[in-house]
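Asker: So the chains spell out like this:
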Amino acid sequence: MKRLIRIEWLKNYSYFPVILFSSIYFGLVIGFTLICAQTIPIFGISIKLLDQGFLDFPQIWNFLTYFTALLKIFLGLIVIFTISNEFTSKMFKQNIIDGLSRKEFLASKVLTITLLSLLSTLVIVLMGLILGLSFSKSTELNAIFKESYFVFGYFLKLFTFLTFLLFITVLLKRVVFVFLTFFVWWIFEVILTIIEYQSRIVEKFDAMGNRINVIKPDLITDFLPLNTMSKLVEEPFQRIQFVESITGGKFTFEIPYLAIMTAIAYSILFLYGTYIIMTKRDW
Amino acid sequence: MENILEVRNLSKRFGKINAVNSISFSVEKGNVYGLLGPNGSGKSTTLGILLSTINPTEGSWSWFGQNGTSSEVLKRIGAIIEHPNFYTFLSAEKNLKIVCEIKNVPFTRIDEVLQLVGLAERKKDKFSTYSLGMKQRLSIASAMLSNPEVLILDEPTNGLDPEGIIQIREIIRSIAAQGTTILLASHLLDEVEKVCSHVIILKKGVSLYCGKVSAMTATKGYFILQSSNLDELKRELELMGIFKEIKREENKLVASIDQDISAEDLNKNLLNKGIYLSHLVKQKESLEEQFLELVKQNK
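From first to last, the protein sequence lines are chains A and B.
Residues 1 to 283 in this note's numbering are what the first sequence lists, from first letter to last.
Residues 1 to 299 in this note's numbering are what the second sequence lists, from first letter to last.
Hints listed in this document are in silico derivations from the structure and should not be mistaken for laboratory results.
Wrong hints could be hidden among the right ones.
What the hints assert, rightly or not - Restricting the straight-line Cα-Cα distance to at most 30 Å, the calculated cross-link-like pairs of lysine-lysine (DSS-like) are:
1. B:Lys244 with B:Lys194
2. B:Lys204 with B:Lys220
3. B:Lys244 with B:Lys296
4. A:Lys280 with B:Lys234
5. B:Lys220 with A:Lys173
6. B:Lys16 with B:Lys204
7. B:Lys234 with B:Lys252
8. B:Lys126 with A:Lys90
9. A:Lys90 with B:Lys252
10. B:Lys126 with A:Lys173
11. A:Lys280 with B:Lys126
12. A:Lys280 with B:Lys204
13. B:Lys244 with B:Lys203
14. B:Lys94 with A:Lys90
Said to hold, decoys possible - Just the calculated beta-carbon pair ranges, DEER-fashion:
15. B:Gly159 with A:Ala265: 46 to 52 Å
16. A:Asp282 with B:Glu163: 32 to 38 Å
17. B:Glu170 with A:Met1: 38 to 44 Å
18. B:Gly65 with A:Phe145: 58 to 64 Å
19. A:Phe223 with B:Gly159: 48 to 54 Å
Cβ coordinates follow ideal geometry from the N, Cα and C atoms, glycine included.
Build the full structure now, drawing on both the sequences and the hints.
Answerer: So, in structure tokens, the structure goes:
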């Protein structure tokens, strides 16, 4: 394993896209968490995140992981560019001829993806602890660790996302095709989800014709890869004090076991698919 | 002799095209083999299969007595295919470090192989700044890192200038002199003739011949003779009955040998008959002539 990490390090540490996208990514992640303590305008209303309880334990984990996960495309770019380079410059073929087995090649890429996801998770944990310990109303151990699931959910979300990109990059090889396919797939999932939502939602009305209740069924489209990933870390707006005061509801947190299982299954499927392509294709 | 490589009935089809059609050959330890054939005869495909980058349709092969090509076997082979492949944004040294890690070779080998191909001074420079000749030499350096038992070269002088060609040829000769088995694919007959002791000839995916260059055709060579009276010379030669064919070419006679005779004995015989030669040369057919002969026979 150390040997594979050394190989990956030698290949990547001075590759321009790696340097560029990792500095952008970690710069943005750290920058973003640092401005969290400031007032930011949303839809014309200035909301001071601090006052809304975002930086309180335990929901700070939900908040931080949800927003920083939006930046994961920069980590994705690192994966797309490095993997694409291996194939377009025929280095995959050369590595094989030099005596690296296909399994070792795949393992080295999985190690890179794991390390990137872990590093990003570690940064989030550190930022969360720094912000939380400085601003949270409660700093009891119980509150700090209560929703530590989000740290795992965040890691799994990144890992699944990056294995998805690894798979389509090995499948299509060229960066442009990967981008196109990724965005087409994204739009495809969004459209399917909207269609299913529209056709299966049940609305109840009272005698006056006012909508009193909306029953949202379990959607099949939730099992699509990108939807599964977003289910791992749900949006935190429903628990913001501002919204809670309007709806009058109280948010309860549940671990999304189904999404975790589905995400793990997708990761395995993508990695297996990648291996099959590497073995069956002529290089 | 120990067989390093044995190929049995190897075939590869790309759709309707038979790129390699049931070829068989073997490679003995310590010899320099030329894999000869025109463009599109299946040389690169064959090498691709033997290096595990292309999946064969049929057939089997064994390296060092083990079936197929494992990554452990590949570590004992040095191979250069088509264009030199390296990470363009890395220096020669860093590129070779990656190969060292893959092949489990200590980094100390890097300077040794760079010395061998004369690139030691440029090792810190990015690969993208190298000329084609230098890139090709770096490929050889990379292939030599693990002190391979076999070196596979696919068109190593393709696209090089005369100086580059000579450099590569010198390097190949010095590697061969150390006893490394070499398999050199080329469509340049002249190149194969200069460095190879054995040839494997491919044509349209079929192997026509595998063996020593010298034993390629049954002919024993020919004499070129000249004398003041060619008609009399021709008559005397025919009377000897040891020539297959005697042709007149301008003011010379070309006699293909059927029963072998030394130039000295022939000269003595003719002298006894009172014929004085002004020109006498005994020659073997060049590889090119033999190759064309073989390709013609198998049309």
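Asker: Would you pick out the hints that fail for this structure and give their numbers low to high?
Answerer: Violated hints: 4, 5, 9, 11; rest satisfied.
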